[in-house]
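Visitor: Here is how the chains run, residue by residue.
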Amino acid sequence: MTVKNVVQAVHDTLHDEMARDDRIVVLGEDVGARGGVFRATMGFLDEFGPERVIDTPLDECLIAGVAIGMAVDGLRPVAEIQFADFIFPAFNQIVSEAARLRYRSNGDFGCPLVIRAPYGGGVHGALYHSQSVEALFAHVPGLKVVAPSDPADVKGMLIAAIEDPDPVMFFEHKKTYRLVRGEVPDERYTTPLGKAKVARPGSDLTVVSYGLMLQHSLEAAERLATEDIDVEVIDLRSIYPLDIDTVLGSVGKTSKVMIVYEDNRFLGVGAEVAAQIAENALFELDGPIVRIGGPHVPAMPFSPPLEHWFLPDADRLEQEMRKLAEF
Amino acid sequence: MTVKNVVQAVHDTLHDEMARDDRIVVLGEDVGARGGVFRATMGFLDEFGPERVIDTPLDECLIAGVAIGMAVDGLRPVAEIQFADFIFPAFNQIVSEAARLRYRSNGDFGCPLVIRAPYGGGVHGALYHSQSVEALFAHVPGLKVVAPSDPADVKGMLIAAIEDPDPVMFFEHKKTYRLVRGEVPDERYTTPLGKAKVARPGSDLTVVSYGLMLQHSLEAAERLATEDIDVEVIDLRSIYPLDIDTVLGSVGKTSKVMIVYEDNRFLGVGAEVAAQIAENALFELDGPIVRIGGPHVPAMPFSPPLEHWFLPDADRLEQEMRKLAEF
Amino acid sequence: MAKKRSGGTDRHSELGLKREDLVSMHRTMLLARFCDERQWAFNRQGKAPFVVPVSGHEAAQVGSAWAFEAGKDVFCPYYRDMALVLALGFTPRDVFLGLFGKAEDPSSGGRQMPAHWGSRRLNIISGSSPIATQVLHAAGIAYAKRYKKEDAVVGTWFGEGGTSEGDWHGAMNFAGIHKLPLVFVCENNQYAISVHESKQVAGRVYKRAEGYGFPGVEADGNDVLETFRVTKEAVDRARAGDGPTLIELRTYRFFSHTSDDDDRTYRTRAEVEQAKRNDPIPRFERYLVETGILSEDDIAAARAEAKEEVARQAAEAQEADFPDPDSAARHVFAEDGGAA
Amino acid sequence: MAKKRSGGTDRHSELGLKREDLVSMHRTMLLARFCDERQWAFNRQGKAPFVVPVSGHEAAQVGSAWAFEAGKDVFCPYYRDMALVLALGFTPRDVFLGLFGKAEDPSSGGRQMPAHWGSRRLNIISGSSPIATQVLHAAGIAYAKRYKKEDAVVGTWFGEGGTSEGDWHGAMNFAGIHKLPLVFVCENNQYAISVHESKQVAGRVYKRAEGYGFPGVEADGNDVLETFRVTKEAVDRARAGDGPTLIELRTYRFFSHTSDDDDRTYRTRAEVEQAKRNDPIPRFERYLVETGILSEDDIAAARAEAKEEVARQAAEAQEADFPDPDSAARHVFAEDGGAA
Ligand SMILES: Cc1ncc(C[n+]2csc(CCOP(=O)(O)OP(=O)(O)O)c2C)c(N)n1
Ligand SMILES: Cc1ncc(C[n+]2csc(CCOP(=O)(O)OP(=O)(O)O)c2C)c(N)n1
Ligand SMILES: [Mg+2]
Ligand SMILES: [Mg+2]
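Keeping their order, the protein sequence lines are chains A, B, C and D.
Residue 1292 is where the first sequence starts when you use the working numbering, and the numbers rise one by one after that.
Residue 1292 is where the second sequence starts when you use the working numbering, and the numbers rise one by one after that.
Residue 58 is where the third sequence starts when you use the working numbering, and the numbers rise one by one after that.
Residue 58 is where the fourth sequence starts when you use the working numbering, and the numbers rise one by one after that.
Simulated from the structure, these hints should not be mistaken for laboratory data.
Worth double-checking, as some hints may not be accurate.
Listed next, with one range per pair, are the computed distances between beta-carbon atoms [what the hints assert, rightly or not]: (1) 1570/A - 205/D: 52 to 60 Å; (2) 1415/A - 321/D: 22 to 30 Å; (3) 1544/B - 161/D: 47 to 55 Å; (4) 1307/A - 1575/B: 52 to 60 Å; (5) 381/D - 1617/A: 29 to 37 Å; (6) 205/D - 71/C: 53 to 61 Å; (7) 381/D - 1415/A: 12 to 20 Å; (8) 319/C - 298/D: 31 to 39 Å; (9) 319/C - 1307/A: 56 to 64 Å; (10) 161/D - 1617/A: 40 to 48 Å; (11) 1575/B - 1544/A: 21 to 29 Å.
Since we're looking at a predicted model, the values are computed, not measured.
For glycine and all other residues, C-beta sits at the position ideal for the given N, C-alpha and C.
Throw the hints in and build the complete structure from the sequences for me.
Guide: This is the structure:
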């Protein structure tokens, strides 16, 4: 076991996988000499050389399209999109091509591709360095979409993503990069994609979250414990496949549920979670299904008071949880 | 009043608006001599000239980006994306630029732009001429997203969209183009964006739908009327803003609700509708919130038996409605 | 062994093409033409909802295909490329299985529209409808081939309309930067559906290459020996490690864009008729006769045989089974969890 | 009235630049440089979380800006263009209001990161972070201007990294097809963050123009008279209806990409020092002295005054109010329902 933060877990895992499998190449903007703007590929250029550590032109469409070609030809590309906000020029290649290649060829071709992108706010990143984009991709059949935020999960799920025969969107909350630290087993292991986990067991109320909001939810839950409100916090980790069974199991126990996400609320991940609960467990509920998500405002303004206005924190979550617990 | 089908309503409305306001230009692939592949701009080139009826290069990113520039400079561009499936190369311009221009400039700039796109399946269009994309845009703050399917609404909402000071995504179900006919008032009028309507009043069960599925829902409802099951069918028409009040009003009356949509179910429009009902009307419900949507499979395969497998029809909706009514 | 027969100048020998090659190229062009005519007939009979014609493009496709090595090189074509895939190993039956959306359609098992070619066995990468996405895949594959030190050249085909998308720009740029073993073939038929080249391409397609630091060449796309020649040069350069080439083959499409189109709104009949006078098949046949490769009778026999073959295989495909409805749920993700 | 003073060759008169122009250009370059130095100081003090430097680009920006007509022409810049917007009417106070995210920030009221310029009043179109999107807006505006028969030229600025995006390709193509009154200005500083030009641009940027059917020119981006000259020619052509031009101004960025970057990972100190020897400001000052426009003392005074002015206005901006938190909910859509 070694204590690492999230970005170290990304770096070390990617490094070790590259060392053991020369089909793996990384490509993206500034992944070479610069080692990535968050240093996720620091030192890779020297160790693995420019053929495997590819500084691409400033063209996300190219990054995705070239990576698809590599994947089709047997490599295992791990593409980096510098900020999730800049993934949209690649939207067509990801959604029309990567996601549909296997289906459209009736299984003849596959596309074992990982696209990593830092997402999320709280870093003074303003309107174009703060967005959450997971819902847009999770809607698209043919893509797996994950967003782990615990360093041990990051390792296990990144290896699983690289091994996966299909395209995986691997979203890393950039605020958790240095904020979240945890023990990471030293040996190689995979953590299955598509499984949620109970991050904090509890009995009074279920909170479903992921990413930075998971951290705030855990903090709020700890505070409420002192008031004898016992909150169960579930870390979704994977958006698609969505582990609704773990959610329903918890809701069956607590009868109350709140979904906390940073993305814009409308048609964000919480909408699907709420809808599946409403379809499957409506009569087990003792309170409304509460969603706490971003307002319907572009995420998120720069100026500190405005950014703070946008982003829920542990204080606000604590209040909302208390309110629901007392419903 | 004149009886028209959907594509005639689009054509005639666009024509009349162009005739009265020379700030309006149309641009897209094949909108000129060809009059659009669905003939929505037939005859426009001759009447309004090549400066206002612009055949663009085959580049949707260009179409959206150029249209944004025109809108910023005071024109009223109505861009056509030939098929909604091909809107993804324009995703960045629409989502990062059109949607955020007003917000990011603190109201200094606006972007009065309409993007029209035929969407939806049931036309042997296979994987890239059948998709529904409304949910992807409705998630994005700063965009209005509408999907009328009644010719009179098409007229009123298209005029409203052109008059709207903000970008409007105007989705037309291509199967309704010739299938759906109705009376269209001859005088000029607008139908507000953001209002649903009760397409068929009823008391036992609320069905919320739009597009082609609305037609199938209405047919199924008619059949069930003979069994004394009285279904209220709501035509959402607008996805964002979403008129949840009309939905909740109906659900308050019927206590049962089903949402029917053609798009992939997971994180499709029905997810948001279901989530909002679950938040606001949980204790008024006498049955689970049922969503009928596309399977998690790329929409939609070509071969007739496969396309039929994908797309719900009135038979299937009739069964599902009966089941929920009897719950 | 360049020599004249029956008065025609031998242009093929110095290109390394033998008699068998020419006969086979001719037959492939005929198969494409007759498949096209047959599919339109099915369409008119209401038996095929969607047809993508190839007629007019046969020389561009067959000549360029012949410059590659099947089994080794990799192909990223577009929907217009029926003659190309026939040259690469598709049978007419395969074409019609796709046309009818039958279970055995090698490209997609009936999932995609007709003319969305793909075959792992033949190194033809499955293509989609969105224009020009395949050129970036070609660049990625070319990069992978070189990385793996495999001796393979990648070819990608697209219309002049396809040059407008950002994907094309990205692929040209990436290919130029990395000097990839990649050949870009533009089948310039002057129209993207109805949009004329003059509204599609500022400047000239082939001239774009220089801006990316590699050669661009223009050629008569209706002359199969010429399309072979320029492509062969490009393939040889690529194989030698000298990087990519952009080839612009000027040609014409004889029918509407697809069966959903009506070209009378944007092309005069006179223009179409004029173009047909330059039909690549009779033109090649004149060459074959002039150089004594085939006699007029040989050609008549070849035509009859090809037409007959197409009719037989089309009928076979018509008889084949549709896919099982429930199969529509398969292959969204890998079924064995294993690698692709 | 081209004549020599104090031994220096007068290059400006034949360009139509007067003494006042030169003095004003010099002052604008100084303001930009001192704003840059001041913002870095704030950053080091923890008072400004994010800084985008301009130093090194002053000649490219001020010279090209001067070729346009303020109040009439339209500008689509990118984040690096602080000197450009200062030339167009931004004050140092405006720059610092943006730096601190204050309510009065004219670009965005504190909503965007610093250096995301915009002002309806100054015809500077609000820019975003995604690279190269603005070049298409510029094309649309140029089209609209001509459609409305307004006498306006549109200028758009971008780095050489920006040429890689599909948006850039689309804008070049559309501008070429429609011969738009549009000037493309590439500030080529050889790096996109850490990625060197050789991994970014296959071929050469300015050579791309020919492929789109219009002229491309290269110029020394550190010589303000030269950047003015080539841009003026392009603006004149555009205004005369002769279509677009692509200009490549070769320059260098003296600091890291932004305050989040550390350029020591990808540029040697020797390379940076070498580039600084070509600093556009001293170079222009030598010209001013040699031609007798300003004396050494005049220059020292101008520097002192500009520095003082920047400090004063920066302090003012520091005192200004933050936006009201609840204002974050405004302007997602138009508030009056009226047109923009
Ligand atoms: C991204 C995208 N936009 C639009 C279309 C619709 N479309 C299909 S083919 C075509 C024209 C293509 O013209 P070109 O590339 O010249 O090829 P050709 O058909 O002439 O061989 C268009 C606009 C599409 N398939 N994909
Ligand atoms: C679409 C997009 N991708 C990536 C980025 C991140 N990014 C910001 S600036 C930059 C480099 C730009 O380089 P260049 O265009 O040469 O301009 P310079 O900064 O050198 O002036 C990158 C990669 C972005 N802002 N937008
Ligand atoms: Mg064409
Ligand atoms: Mg640069």
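Visitor: If a hint holds in the structure, say so; if it doesn't, say that too.
Guide: Quick rundown of the hints versus the structure:
1. For residue 1570/A paired with residue 205/D, a C-beta distance near 54 Å keeps the hint of 52 to 60 Å intact.
2. For residue 1415/A and residue 321/D, the hinted distance range of 22 to 30 Å is satisfied, since their beta carbons lie about 24 Å from each other.
3. Our hint of 47 to 55 Å for residue 1544/B and residue 161/D holds, since their Cβ atoms are close to 51 Å apart.
4. Checked against the hint of 52 to 60 Å, the C-beta distance between residue 1307/A and residue 1575/B comes to roughly 55 Å, which is consistent with it.
5. For residue 381/D and residue 1617/A, the Cβ-Cβ distance of about 32 Å falls inside the hinted range of 29 to 37 Å, so the restraint holds.
6. The given range of 53 to 61 Å is respected by residue 205/D and residue 71/C, whose C-beta atoms sit roughly 59 Å from each other.
7. Distance hint check: the CB atoms of residue 381/D and residue 1415/A are about 18 Å apart, consistent with the given range 12 to 20 Å.
8. Between residue 319/C and residue 298/D the Cβ separation comes to about 36 Å, which falls inside the hinted range of 31 to 39 Å.
9. Look at residue 319/C against residue 1307/A: about 60 Å separates their beta carbons, and that is inside 56 to 64 Å.
10. About 43 Å separates the C-beta atoms of residue 161/D and residue 1617/A, a value consistent with the hinted range of 40 to 48 Å.
11. Remark: the range hint 21 to 29 Å for residue 1575/B to residue 1544/A is upheld by a beta-carbon distance near 25 Å.
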